[in-house]
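Chains S and B, in that order, give the protein sequences. Take the first sequence: its letter number 329 is residue 329 in the numbering used here, and every next letter is one higher. Quick note, the numbering used here runs 599 ahead of the 1-based positions in the second sequence.
Any given hint might turn out to be false.
Unchecked claim - Once the Cα atoms are required to be at most 27 angstroms apart in a straight line, the calculated DSSO-like pairs of lysine-lysine come out as:
(1) Lys295(S) / Lys829(B)
(2) Lys136(S) / Lys792(B)
(3) Lys50(S) / Lys206(S)
(4) Lys843(B) / Lys829(B)
(5) Lys135(S) / Lys349(S)
(6) Lys829(B) / Lys648(B)
(7) Lys792(B) / Lys135(S)
(8) Lys650(B) / Lys72(S)
(9) Lys792(B) / Lys349(S)
(10) Lys72(S) / Lys62(S)
(11) Lys58(S) / Lys782(B)
(12) Lys424(S) / Lys298(S)
(13) Lys298(S) / Lys828(B)
(14) Lys797(B) / Lys292(S)
(15) Lys792(B) / Lys348(S)
(16) Lys352(S) / Lys298(S)
(17) Lys73(S) / Lys843(B)
(18) Lys826(B) / Lys298(S)
(19) Lys826(B) / Lys612(B)
(20) Lys137(S) / Lys244(S)
(21) Lys50(S) / Lys62(S)
(22) Lys50(S) / Lys795(B)
(23) Lys73(S) / Lys828(B)
(24) Lys753(B) / Lys708(B)
(25) Lys136(S) / Lys292(S)
(26) Lys601(B) / Lys612(B)
(27) Lys792(B) / Lys50(S)
(28) Lys782(B) / Lys73(S)
(29) Lys341(S) / Lys828(B)
(30) Lys782(B) / Lys50(S)
(31) Lys206(S) / Lys72(S)
(32) Lys50(S) / Lys828(B)
(33) Lys829(B) / Lys298(S)
(34) Lys50(S) / Lys801(B)
The set of hints was computed from the structure by calculation and includes no laboratory data.
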Amino acid sequence: MATTSSAPGASISGGSFLLEARPPEEIFTPEDFSEQHVLIAQTAEEFAQKEIIPNIEKMERKDFSVTRDLLKKAGDLGLSGVEIPEIYGGMELDKVSAAVIADHIAKYAGFATTWGGHTGIGTLPLVYFGNDEQKKKYLPKLAAGEIVGAYALSEASSGSDALNCRSRAALSSDGKHYVLNGEKMWITNAGFADLFTVFAKVDGEKFTAFLVERNFPGFSIGAEEHKMGIRGSSTCPIILNDCKVPVENVLGEIGRGHIIAFNILNIGRFKLGAMCVGGARESLNNAIGYAKQRKAFKKVIADFGLVREKLANMAMLIYVGESLVFRTVGMMDAALAAIDKSAADSDKKTLKAIEEYAVECSIIKVWASEMLDYVVDETLQIYAGYGFVEEYPAERAYRDARINRIFEGTNEINRLIITGFLLKRAMGGQLALMPAIKQLMDEVLSGPSSGEEIEGVLAEEQKLVVSAKKLGLFAAGAATQKYMMQIEQQQEVMGAIADMVIEVYAMESVLLRTMKIASAQGETAAAVPIAMTRVYLSQAMDKIESAARKIIADVADGDTLRTQMAILRRLAKHDPVNTIELRQQIAEKVIERGRYGLS
Amino acid sequence: MKILVCVKQVPQKDAPLKLNESGTWIREDVSYEVNEPDAFALEEALRQKEKHGGEVVAITAGPARAQQVLREALAKGADRAIHLEDPGFVGLDAFNTARAFAAAIKDEKFDLIFTGLQSDDYGFAQTGVILADLMGWPHATIIMQIEKSDGGIKVKRELEAGYFQFVEMPLPAVLTIQSGINKLRYATLIGIKQAKNKPLRKVTLAEVQSAIGANLQKIERMYIPQKTKKTEYLEGSPGEIAKKLVDKLRNEIRVL
Chain S
1 MATTSSAPGA
11 SISGGSFLLE
21 ARPPEEIFTP
31 EDFSEQHVLI
41 AQTAEEFAQK
51 EIIPNIEKME
61 RKDFSVTRDL
71 LKKAGDLGLS
81 GVEIPEIYGG
91 MELDKVSAAV
101 IADHIAKYAG
111 FATTWGGHTG
121 IGTLPLVYFG
131 NDEQKKKYLP
141 KLAAGEIVGA
151 YALSEASSGS
161 DALNCRSRAA
171 LSSDGKHYVL
181 NGEKMWITNA
191 GFADLFTVFA
201 KVDGEKFTAF
211 LVERNFPGFS
221 IGAEEHKMGI
231 RGSSTCPIIL
241 NDCKVPVENV
251 LGEIGRGHII
261 AFNILNIGRF
271 KLGAMCVGGA
281 RESLNNAIGY
291 AKQRKAFKKV
301 IADFGLVREK
311 LANMAMLIYV
321 GESLVFRTVG
331 MMDAALAAID
341 KSAADSDKKT
351 LKAIEEYAVE
361 CSIIKVWASE
371 MLDYVVDETL
381 QIYAGYGFVE
391 EYPAERAYRD
401 ARINRIFEGT
411 NEINRLIITG
421 FLLKRAMGGQ
431 LALMPAIKQL
441 MDEVLSGPSS
451 GEEIEGVLAE
461 EQKLVVSAKK
471 LGLFAAGAAT
481 QKYMMQIEQQ
491 QEVMGAIADM
501 VIEVYAMESV
511 LLRTMKIASA
521 QGETAAAVPI
531 AMTRVYLSQA
541 MDKIESAARK
551 IIADVADGDT
561 LRTQMAILRR
571 LAKHDPVNTI
581 ELRQQIAEKV
591 IERGRYGLS
Chain B
600 MKILVCVKQV
610 PQKDAPLKLN
620 ESGTWIREDV
630 SYEVNEPDAF
640 ALEEALRQKE
650 KHGGEVVAIT
660 AGPARAQQVL
670 REALAKGADR
680 AIHLEDPGFV
690 GLDAFNTARA
700 FAAAIKDEKF
710 DLIFTGLQSD
720 DYGFAQTGVI
730 LADLMGWPHA
740 TIIMQIEKSD
750 GGIKVKRELE
760 AGYFQFVEMP
770 LPAVLTIQSG
780 INKLRYATLI
790 GIKQAKNKPL
800 RKVTLAEVQS
810 AIGANLQKIE
820 RMYIPQKTKK
830 TEYLEGSPGE
840 IAKKLVDKLR
850 NEIRVL
């Protein structure tokens, strides 16, 4: 696989990481933050420490006056207007800034959910699909936190299949209003939001988005849900009972609501990933603090190998998570920077640029939400009995994390999106997946080759990423050969392919980041990142191999199975690394530091 | 009022410190932040400007990384910044740092110069005072409050044991500011965006070289103190513990 290089800032096509190797200098990493990004991170961090954390208990008790005050303060600081154009009162900053803020706000999931709902799905439909009048009317107030936004798509009987919604809209006889009827469920911020993007079918068929104000006649809010976690956020149903919405509040085009619905979720996913990373970092910091002071057998538990192993794993996963998120937002920013903001079609181009990375965004969502669940679980385990009681932060974080695998598209739906999108692109010719599979099969059939020689830092790991990609292509090739166009019906196979794709992207992202650090700071300074990379790659390779095995066993049998397995073993061949020793090294660093950090 | 604020970049408070190879200072591969008293000094300058108008200029001496503290000052509202940029500035003693600052601002006319009370790293608490002497201006230290008066300013100094001293002084003057004098503001995103376009003047070591001399103060050796004390837990019933304690105080430590 040849290294493909393009000029800095040039856009890279989505999903191409599977087929092409990229040089480390081309990817964006947290080490590349500008002075401006660092300052924004600092402001968001101070806001979280001084304003959010001291108010956690009040918000957990659903004192939403506190929440609204904080939204106002966040608005005053500019934290809520990052993705809103300057002419509508926003900051008009890059996606890296948006991710940086989300990462720091995520220290308390209750507020992070509220803020994310407000600035993301509550505001972005207007940013990307509103007309000038609508934007002028609502965006400055949303940016300032004076009004709060919400997004009403799901219903009791339609979640992932949102297009099957039952809510209806009909034009009034005077042609001035649409009259909406129906009920929406799981609406974040509903308890106190002022502006809702509501989806309903005009005349029972044309799926359409409407901007609905809280005080429109016929609009009401149901009771708060009693949730397992994120209790500091509001989640209620909304009821539309002959709700009168002025025709000028139709968002986008009649019958084109699905474009809004899917794009907005798409856009939200990278920030959800950033929040999961931020939440995990907070959890790890708590775990380190506790492990350093809790004693057992006259030693602090941070001295015990099994506790250190957990701390090392958590730190490593956060490092990988940062690598994934910022590599992706960096690519988005590079693509978005090429768009002329003053052009009439700039919103459309922006959406297209973001959609380009739909696979990467879904990967981040799935990977980071599952990573967070692991981290909060192990944090609770380190707190042990104290983790199981409410007085300590581990318990709440454990409950709060769970929703991330469900909302903004369940991880199952996202896995299908990942594989489905890649296959669609492959069929459409935008992604040269099929030629790559063919080339790999030719290579495999021609017998063992010595392969490209790779030297230098992390040489073995570089080879491992090449092998991981080959394994992915091999299994995907075998599956598509067997099922052809019917593969979409094979969800388990689609899911297993997604698992491989996810790990390939994670492996490569962390490898490239570490290579970049090592070349900038030297191998000694990069010792911990190198250790993290080696451990992660080794464990990810196991997952990839296991997923490939599952697929091959499903698509082949008899002699073919044996041949395929022989190929699989050859592609997956690698020497094990001493992960115990490497994890000790990682743990030593974070324990000494007292919190997550590379230096 | 035209106010100069001296801001220093110091290692982050919770950064694990390691000695450098010569054992004379810490290794530089740590994270940095604004010296805390300097953040309060900047905040006070911004508040004075908001009340009385004028200009706030931030100055620092240090390598390229130190520019971050100037951007932060600009993002919070300083109008412009001066960066004495060279890794060589890190090792200067307070006298030389003050001389370098004085040389860098020789063409400016400030009414006030603020520094933080002291730096969180070296902790000399001298730069401001020496700078006042070099400028030939009066100074006051550990400032808790500043009010403009007819002829100059009236300041409140923190003394020991809860006492304060109020001093009237003419302008121009140098004040070293105590932490906690005010409530720090956030750098807003709009401020951060604007900071990019505010003027930042760079001064090289060569430009001020003639004003500075050999350090008069030198760190011979830094070391991490050896643990010499040991905690011993006395066990048993309260009565037994008391008995053991008395025995130790009488026979081992001999204070009874």
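**OP:** Please name the hints from earlier in the document that this structure breaks, with their numbers sorted from lowest to highest.
**Re:** Hint check: 3, 6, 12, 14, 16, 17, 23, 25, 26, 29, 31, 32 and 34 fail, others pass.
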